[in-house]
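Number of protein chains: 2
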Amino acid sequence: MYFYNVINVTIIGTGNLAFHLSKVFLKNQKINLVEICGRKKNLPIEFNHYINYSNNISRIKNSDICFICVSDDQIENISKNLQTEDSTIVLHCSGSTSIDVLSNHNSYGVFYPLQTFSLKKNINFSNVPIIIEGNSNKNLNIIRDLSLMLSNKALKASSKQRLAIHISAVFTNNFTNYMRIVADEILKSNEIDTKILNPLTFETFDKLKYLSSKEAQTGPAIRNDLKTIKKHLNLLKGTGHEKVYETISSEIIKLENEL
Amino acid sequence: MYFYNVINVTIIGTGNLAFHLSKVFLKNQKINLVEICGRKKNLPIEFNHYINYSNNISRIKNSDICFICVSDDQIENISKNLQTEDSTIVLHCSGSTSIDVLSNHNSYGVFYPLQTFSLKKNINFSNVPIIIEGNSNKNLNIIRDLSLMLSNKALKASSKQRLAIHISAVFTNNFTNYMRIVADEILKSNEIDTKILNPLTFETFDKLKYLSSKEAQTGPAIRNDLKTIKKHLNLLKGTGHEKVYETISSEIIKLENEL
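Protein sequence lines correspond, in order, to chains A and B.
Residues in the first sequence are numbered from 1 upward in steps of one, following this note's numbering.
Residues in the second sequence are numbered from 1001 upward in steps of one, following this note's numbering.
Be careful, since some hints might not be right.
Quick list of simulated restraints, FRET-style, between CB atoms [claimed, not checked]:
id, chain 1, residue 1, chain 2, residue 2, range
1, A, D100, B, S1158, 33 to 41 Å
2, B, N1224, A, I45, 21 to 29 Å
3, A, G238, B, K1156, 22 to 30 Å
Computed from the model, here is a short list of chain B residues facing chain A with C-beta under 8 Å [as the list claims (entries may be wrong)]:
id, residue
4, N1127
5, S1168
6, I1196
7, G1238
8, E1251
It is worth saying that the hints were derived from the structure and are not from the lab.
Please read all numbers here as calculations on a predicted model, not as lab measurements.
By construction, the Cβ of each residue, glycine as well, lies at the ideal position given by its N, Cα and C atoms.
All chains should be built: construct the whole structure from the sequences, respecting the hints.
Here's what the structure looks like:
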């Protein structure tokens, strides 16, 4: 039914994900962004200023699909205060929150885009895998069809599988980026331009196109080169990075023994 | 003097770096690879089989520059057993070894390519920064000129600075790659195709072209979202990845408090 006409959607929230979703909705002719609803008095200036905005959730406009894009600990609370028609599918966008927190609604599900979103960096949404779940097959099919209008890849996963995907995203994105923060800090404190790491950072990523992550592993820990590890720990003494270095190295050494 | 004619080079060692260096030397018309010398009976089959090979270091052929490409703990030993002419510059290629281990020679220095090398993955050497050091200005200039024949970037650094660069490379490459190993493992044990992480892995790297590593940080730890972190640790219980997750998250939380 939905897809012969325009789909009306609303967004609750004004953070990074709400921003990127609003952009991709506005670009899609089959989707009509009815309204954004948030706590702030006005819609933040980064957003397209033609979007209708309200900060009164009790008077939210009707839509086919309502996206809850708020921080994880607010989803349940927002869901309880949200009055929608029975046919409206209420979705949250969280990797680590069970679908069940939306069970006060008639139609609900999950739409979790597996990507890292920052305001200042554009995202090509068509490459972003969408991890989906629905409270019925009918709703799941609608969520899948909508996802495939935005992205090339939609993947059905249980709430537990989605949590595992979210953890893997924390390792591959958040923790990886933190490694570069540490590297940049070490270089700066030794008066070396951090750009020197760019070819290595690129190769670290590029290798994974050709080798499995296990095949791609190099460095002192996988060689069990304890002498080099000791030299590194000596230089890191007092910088606060010792513990991270030690913990990860000892895990890689364990891996070396397994291989 | 060297650069009006062909430079004659030798390589000691038959590992990943020796392999990639031999390839780049063979491609360069101004460089003549005289010989590779290693412990193995024959040159491994991956190498170009026209290269002269010997496993007798006491009869190594004369060259202008001799590259010691062996594991860090063997460099000093190899250097002591290496008889060269006074004019031959002896180089090691280690990030974490002082230049001083080569001081039994008349001319010596360091040639450390800041990159990760695997046999199965080609490297565009022209993008690899070479970190150099020399026992005299004259030798340093020769090492720099040779480096710039192979790469766009040569950087002079003290042995201590080079060690700091090496540590930063361990964080940005070895530890980052380990994060992907963990992520792949978590996905596999939940029956999810690991390829689903590829767009996120790409974005993690691509972001650094537009944002500093600190600006690029997202995720539960930088938001100090202890509830999500607890859910993640619960799911990781017994997998062996708990400690890594906990250690890095607590460092990111500290960072959040600094910002």
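We went through each hint and held it up to the structure:
no., hint, in the structure
1, D100/A <-> S1158/B: 33 to 41 Å, "violated, 59 Å"
2, N1224/B <-> I45/A: 21 to 29 Å, "holds, 26 Å"
3, G238/A <-> K1156/B: 22 to 30 Å, "holds, 27 Å"
4, N1127, "holds, 5 Å"
5, S1168, "holds, 4 Å"
6, I1196, "holds, 5 Å"
7, G1238, "violated, 14 Å"
8, E1251, "holds, 6 Å"
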